[in-house]
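Listed in order, the protein sequences are those of chains A and B. Residues 1 to 112, numbered by my numbering, are exactly what the first sequence covers, in order. Residues 1 to 113, numbered by my numbering, are exactly what the second sequence covers, in order.
Calculated from the structure, these hints are not laboratory results.
Here are the simulated EDC-like cross-link-like pairs (lysine to aspartate or glutamate), alpha carbons at most 20 Å apart as the crow flies:
(1) B:Lys56 <-> B:Asp83
(2) B:Lys112 <-> B:Asp78
(3) B:Lys42 <-> A:Asp85
(4) A:Lys26 <-> B:Glu45
(5) A:Lys26 <-> A:Glu75
Non-contacting residues of chain B with respect to chain A, defined by C-beta distances greater than 12 Å in every case (computed):
(6) Ser20
(7) Asn22
(8) Ser26
(9) Gln64
(10) Asn66
(11) Ser69
(12) Arg77
(13) Ser84
(14) Pro113
Ideal Cβ positions, reconstructed from N, Cα and C, are used throughout, including at glycine.
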Amino acid sequence: DAGVTQSPTHLIKTRGQQVTLRCSPKSGHDTVSWYQQALGQGPQFIFQYYEEEERQRGNFPDRFSGHQFPNYSSELNVNALLLGDSALYLCASRPSGANVLTFGAGSRLTVL
Amino acid sequence: QKEVEQNSGPLSVPEGAIASLNCTYSDRGSQSFFWYRQYSGKSPELIMSIYSNGDKEDGRFTAQLNKASQYVSLLIRDSQPSDSATYLCAVNRGNNAGNMLTFGGGTRLMVKP
Numbered sequence: 001d002a003g004v005t006q007s008p009t010h011l012i013k014t015r016g017q018q019v020t021l022r023c024s025p026k027s028g029h030d031t032v033s034w035y036q037q038a039l040g041q042g043p044q045f046i047f048q049y050y051e052e053e054e055r056q057r058g059n060f061p062d063r064f065s066g067h068q069f070p071n072y073s074s075e076l077n078v079n080a081l082l083l084g085d086s087a088l089y090l091c092a093s094r095p096s097g098a099n100v101l102t103f104g105a106g107s108r109l110t111v112l
Numbered sequence: 001q002k003e004v005e006q007n008s009g010p011l012s013v014p015e016g017a018i019a020s021l022n023c024t025y026s027d028r029g030s031q032s033f034f035w036y037r038q039y040s041g042k043s044p045e046l047i048m049s050i051y052s053n054g055d056k057e058d059g060r061f062t063a064q065l066n067k068a069s070q071y072v073s074l075l076i077r078d079s080q081p082s083d084s085a086t087y088l089c090a091v092n093r094g095n096n097a098g099n100m101l102t103f104g105g106g107t108r109l110m111v112k113p
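So here's chain A without its partners, still in its complex pose:
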C-alpha cells in the first residue's frame, strides 16, 4: 500500500518563475494538507483541501494556490517565486474524521 507520494522530489527554479507540486494521498485518504518547511524550522501550514475545496488556510499570500482533483490528489502552485520560497514542501493526508496525518517525503524547492 503506497503512502503519500509527492513529485517532483527536487527542483530548482529562478525568481519570478512559477512551480507546481503534486501529491497523491494514501489510499483511503480524502483530505490533503500542504506544509512549508524552511531549513532548520518546523513545518508551517499552507492550506487543506477536502471535497475539492480549500477548507482552511494558513498565513500565506495568494501567490500560493492549490487544487484537489476528484481522485483526491492535489497540486500546490506557487507564482512569482521569491528566494524565501526555498523550502521543503510537505503534503499530508488523512481520512476525513480521522486524527492521524500521514506525511509524504516532500518536494525540495530551491529558488535561485
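Position chain B against the provided structure of chain A, taking the given hints into account.
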C-alpha cells in the same frame, strides 16, 4: 512570542539514558498535542498524540501534558542512537488532527553510543 516553542538543541544524551524534550504553547484553546520525529532529509513521522492532562505511555515513549501550564513534554527511555533525530511538537485547537497543526521549530536529539 511564538505559538509553539521548543529548545532547538542539540540535546545530547548517552545511550541508555532518558531524553526529555519540552514544548510550550501560547494558545489556551489548543486541545490536541502531537510529537513527530523527523530524521534528516525525511518527512515527519507521528510518535505520540495526547489530548488529556497527565501521562500517556507507548513503549519507550511517554508524553506528558499540563494544560494549566501550557506545557507538553516527551520522555524517551533507554535512548538508542537510532533515536537521534529532530523532534517536532505540534498543537491544534480541535480534537481532529486534520485541522491546522502549528509546529514548533523542533529539538535536535543526539544519542551518543
